[in-house]
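There are 2 protein chains.
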Amino acid sequence: MFKYRLLTPGPTPVPEEILLELARPVPHHRTPEARQVLAEVTEGLRYVFQTKHDVIPLTCSGTGAMEAALVHAAPRGAKALCLVAGKFGERWHHIWRTFGVESVAVTVPPGQVVTPAMLEAALRQHPDTQAVCAVHCETSTGVKHDLQALGELVARTNAVFVVDAVSSAGAMELRMDDWQIDFLATGSQKALMLPPGLAFVAVSEKGWQMAQRHQPPTFYFDLKKARQKIREHDTPFTPAHTLLRALCKSLARIRSEGIEAIWSRHARLAYACRAGFRALGLEIFASVPAEGLTAVRVPAQLDGQELLRHVEKHYGVKLAGGQDQLKGKIFRVAHMGYMDFFDILAAIAAVELALRDFGLAITLGAGLAAAQRAYAEFSHP
Amino acid sequence: MFKYRLLTPGPTPVPEEILLELARPVPHHRTPEARQVLAEVTEGLRYVFQTKHDVIPLTCSGTGAMEAALVHAAPRGAKALCLVAGKFGERWHHIWRTFGVESVAVTVPPGQVVTPAMLEAALRQHPDTQAVCAVHCETSTGVKHDLQALGELVARTNAVFVVDAVSSAGAMELRMDDWQIDFLATGSQKALMLPPGLAFVAVSEKGWQMAQRHQPPTFYFDLKKARQKIREHDTPFTPAHTLLRALCKSLARIRSEGIEAIWSRHARLAYACRAGFRALGLEIFASVPAEGLTAVRVPAQLDGQELLRHVEKHYGVKLAGGQDQLKGKIFRVAHMGYMDFFDILAAIAAVELALRDFGLAITLGAGLAAAQRAYAEFSHP
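Chains as they are written, first to last, in this note's numbering: chain A, 235 to 615; chain B, 235 to 615.
Since the hints were derived computationally from the structure, they do not count as laboratory data.
Keep in mind that a hint or two might mislead.
When chains are identical, the list treats them as one kind, so a pair holds in a single copy or across two.
Once the Cα atoms are required to be at most 25 Å apart in a straight line, the calculated SDA-like pairs of lysine to any residue come out as [unchecked claim]:
(1) LYS459 / GLN559
(2) LYS286 / GLY492
(3) LYS463 / GLY538
(4) LYS561 / ARG461
(5) LYS561 / ARG269
(6) LYS552 / ILE464
(7) LYS313 / ARG264
(8) LYS458 / ARG331
(9) LYS463 / ARG331
Quick caveat, the model's predicted, so the values are computed rather than measured.
The task is simple: from the sequences and hints, build the whole structure.
See the structure below:
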């Protein structure tokens, strides 16, 4: 018997106390208690986003929240830059094109990041850019973008800076206001330790000014209306209010651990995880790895999909594979949200055993020992 | 001590076994088990909708599903008719206008229904109508529209028939295919006995043909892409999959009771509920009342909001008030989803006691006795 361990970069494990919260009877959604929940949620999310702006809850998945941000960030006919380092950057590029925005993709090969120098060059080439979109943690490849440096470049222009923090908010250092982010979106099912169903968007003053200049083509994702409502601790439509109530619990956990301590925990897990897999002779896929997940290249002689099926079937550990052109070529281990170091050890142990099962020459325990040493030695910069 | 009884027309009570389902650990969303859940969900919803077409789950509230339906049903510049008998009809009218559809409202005063004759006249006056939108059960006033007759009229034209069944699907007789409905939308938090967070849309052949003729201005609510995915038992984006898993349980309940038996139960509860309030000298607000809820006019000498606060505070019964211009003028008692006759008796009893508390000359028990007799005498047509 092996326990089932979910180590995918969303959905992620939900703490037991929060699962029980989800089993509580359903209340009405227009009551003083419901308003109190919305007040706590927006206050808690401000802390997670490190912003003084309103954080607006939406009932949808992360893609819905990004669509909401994008349609407010640039009107039809505008020019936008989309920094594409993988599947999610590509998705936002498609959304903009769907809405008639001329989105110029600045694309790097999978595993690489779009550097500030690349953005600088693109802004020089496209001085009429009205919006720039970046993915903080590109979940499909495990890379992290330097939002602070990118934000500085965008802030010098009239363009707004739109950031997908779906798999980073609550896991990786993220400072909306200090880093000059104008639209910031995340989802519930990653480091916020909830099931999927909710997503959140915050908008800066510069962002609201951009949104006021045009009529975004949406009703359900109308952020101007939603902002009015959230200021009265209300929502325009029936929200997924049992998830909101549960979110209060997870935000209380986050506040009690402390957001900087949480960032540090994730950085430490990531550091140990990378050390473990490297010690097995495996290659970390991301040139600049994120703290929320680790993508590892599958040894050339193996089929990654078969490897993951084996790891799940025999050892109960659920990892994520590569998507699209990366299918079978990488596997991804999440360390975001409700996860600790021993969960990461289980993942490394499962992969060690599986690699041996597939006949690779593996020194059993080498990955574990390296992770253990890295964990102990870690000191946050 | 009085138990808390939620008798609002959404959110509605969730059966205890389904609440417990929501507390189960979170699985991954791209697995054979998750595909099995989606297969069961679409099959079960076909039964609820009485359709052979695909039923597409969306992670959003009912308004999101209606937006999805409306943007596929008519392109920018088209003319549509919107049958408006209250707040929800009005909302769909606004959505269409947001998307540049020339929506002509056929409006009746609150409590009235739009009749087939009115639609016939409107279609004659606007022969270039490309879509007609109706609300099955107008939750804000408690009226029911005759979808069968309306559908027949629309079917004679080239227009598509778009129906909001948010508070009717799973409560009131509804036959998508027989009634020639082209777009049908509902939400999870009404008669489907779940918390809010999911919504569903089904589309007829005529509907898909209309959708194919233009490029709907949406990415998140792209039903064409969602249909491709659902046919592989998949979704384009991370769905609220723990709600989907719970939905399997509620669909199993529905199938085991039988959809016609469920319609009959709701009709019987509605019949008894109306008899009870009438026996107290109160007036039923809807000219053609729905089976999912009963709207009752508040006696002129009382403030409806105060009455409902009293009923909740002293007797634990949560009813809904009137919205917008009906605030304080009506109250609404839901009998949809996980509710039985004795819940309705509790609502009547609470209102009886409250009316007496406010000094009205009430024969205590008169409402209860009338409801009891009506319940016993009810025979479904």
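Exercise. Of the numbered hints stated previously, which ones are contradicted by the structure, given in increasing order?
Worked result: Those not satisfied come down to hint 7.
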